[in-house]
Amino acid sequence: MKLLYSIYKEYKVLTRDRAGLAITFIMPTVLILIITLIQDTTFRSVNEASVPLLMVDRDHDSLSNILEKSLVNSKFFVITKKQLSDEETKKEIATGHFFIGIIVPENTSKRLRQKSSARISKLLSSFSGDSTETQEPIDTNTLNVQLYFDPITKKSFKTTISNSMERIISQIEMQSMVSSLNEKMKESFPLATPSKLELTPLVNLKEEYASYNNSTIIPNSVQHNVPAWTLFAMFFICIPLAGNIIKERDDGSAFRLLTMPGSYMIVILGKMLTYVIVSLIQFALMLCVGVFILPLLGLPELNIGNNLPVLFLVAFSSGLAATGFGLLVGTVATSHDQASLFGAVFVIILAAIGGIWVPTFVMPEVMKNISVISPLNWGLEAFYGIFLRNFGFREIFPEVAKLLAFFIACLGSSYLYQKYKRLK
Amino acid sequence: MSILVDIQHVSKKYKDAPRAAVNDLSLTINKGTIFGLLGPNGAGKTTFISMLCGLFPTSSGDIFINGHTHQTHSKECKQVIGVVPQEIALYPKLTAWENLMFLGHMYGLSGTSLKEKVKENLMILGLEENMHQKVVSYSGGMKRRVNLIAGLLHNPQLLILDEPTVGVDVQSKQAIIEHLKKLNKENGMTILYTSHHLDEAEDFCTHIAIIDDGKLITQGATKELIAANHCNSIEEVYLKITGVKFRDK
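Protein chains in written order, with our numbering: chain A, 1 to 424; chain B, 1 to 249.
Mixed in with the good hints there might be a few duds.
To be verified - On the chain B side, residues computed to face chain A include the following (Cβ under 10 Å):
#1 Tyr138
#2 Gly151
#3 Ile160
Note that these hints are calculated values from the structure, not bench results.
All values derive from a computational prediction rather than experimental measurement.
Note that beta-carbon positions come from the ideal geometry of N, C-alpha and C, so glycine has one too.
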């Protein structure tokens, strides 16, 4: 009964503090909306990069056609075709209008066919021993398809693009060789009706995102920002909670409550439970923003996975960790200003190193290693696990255990600090 | 008259403090008395009250409340005590009714008896018409009266009042003092009162103790104390004993 009334009292105090409510619920909503919109393009470039590509086609034949078709099919490029000189093409890339420039020189297809044909003829003549088969003049000049890269292009990205191009051109070469072989064979066996040689690859590279339960969700800005900023807001609760504790201490309420038999612990417990409930409401509200509001702004809908009990467990553990931290700040800080400053700065630091602002997967290795000390990172990793990998209880248990251990550590530290102060 | 509070050679020295806040203090408070604890700023009154309430332990000596100590019978000791702090220890955004219902529940009270108790006290102290207004909108005197009721809800045997009338108007002060006198007379409630209003203390307290530098300087029945020091008022006794030097440097 005492506990219920204590929760009821906190509920009344909270609901009458409009500024506090605004910070608690509107701040994370606004943060999610703004940051998700800002970061959406960046996340898209990581996931499904649309690289602007300038194609200068002077060939207008099979090679350039197939090359263009392959580039379009890769869905990796936004292709613009222009007729420019080499210098003009280079300038377009150097000024950053395009990431990549491709020049397919005149007669490249024709020369490719000739070269293929010559090579096949040479090969076949070596079988028959007939030197007259090699009468065709061999073009000894190398065929060049010119690639230009924006100077700011990362080496790894440049290598990826070059490899893709080489693969496409190899396929075209292969097709050309097979086509020449086919023609030569027809000349040698005019009465034969050979079936068409299949050119589909014999070995396929099968790619798949490694995930549980056949889930193949690719992280996007919504999947990152909704849990990230929800956790940030949950931990920001430490400021009103600490302020609440300090106010009770300053206005003599704590003194009065401490003189009541066994009541102060109940009041603190009631406070913590209330704030955990508030953090769960925050979480539910932010999920709703992710599922219903963000799609209205043209952003992807938040996929919350299919394990709601585990999702609740992570949210509850995060809420406990946040309120535990608030209790510790409220116990140690000597004034409301100190608690606000210390709480805010500490949460911002924990958020920064925990991958809330910049996801850990784009952090340098050193920061990735440091990020594991942040409780916000534990919560975020657990939410990633549920949203992106369909993790169950067993898989997210380490993160939940760390959050609960943090809560207990905060509680223990607050108790010991209080005891130390009493005995001082 | 039986003893309610028995203080035996109590001392308290804070870590890093140059001297003891309370130094070998011994006194007794009998049931049914209104005991005034007077002393200049920094004399040790707050430390003494905090130890009496069980907020922190003594460095040495014992405090017995109804024969129990906080170390062994904390719950029993706390049940006896009602505290009215000098600060307005109320939640400003809650109404007087909500504040008192919450504090009543924290004292272990509930149901109709609590509601009646709250109503009765609000009525006696003239707050029944404003009981559903938020405390933040109250005058200083109204807040003080609610603050007082909060300490009375569980009918404590010992009511500890730390400057209960500071910053209130004459009417509120009168209402508070009269109500306390009535509680003492009719219910036999023992009151421990601290204040810098010495004329109020003289009028209100049956017994007075003056402490300074953590030590008990003198104590006794109010009138006897004045007579024994050949003075005309407690204020004279107080100045005679503690001197005129500023203490809150």
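Tested hints:
no., hint, result
1, Tyr138, "violated, 14 Å"
2, Gly151, "holds, 7 Å"
3, Ile160, "holds, 8 Å"
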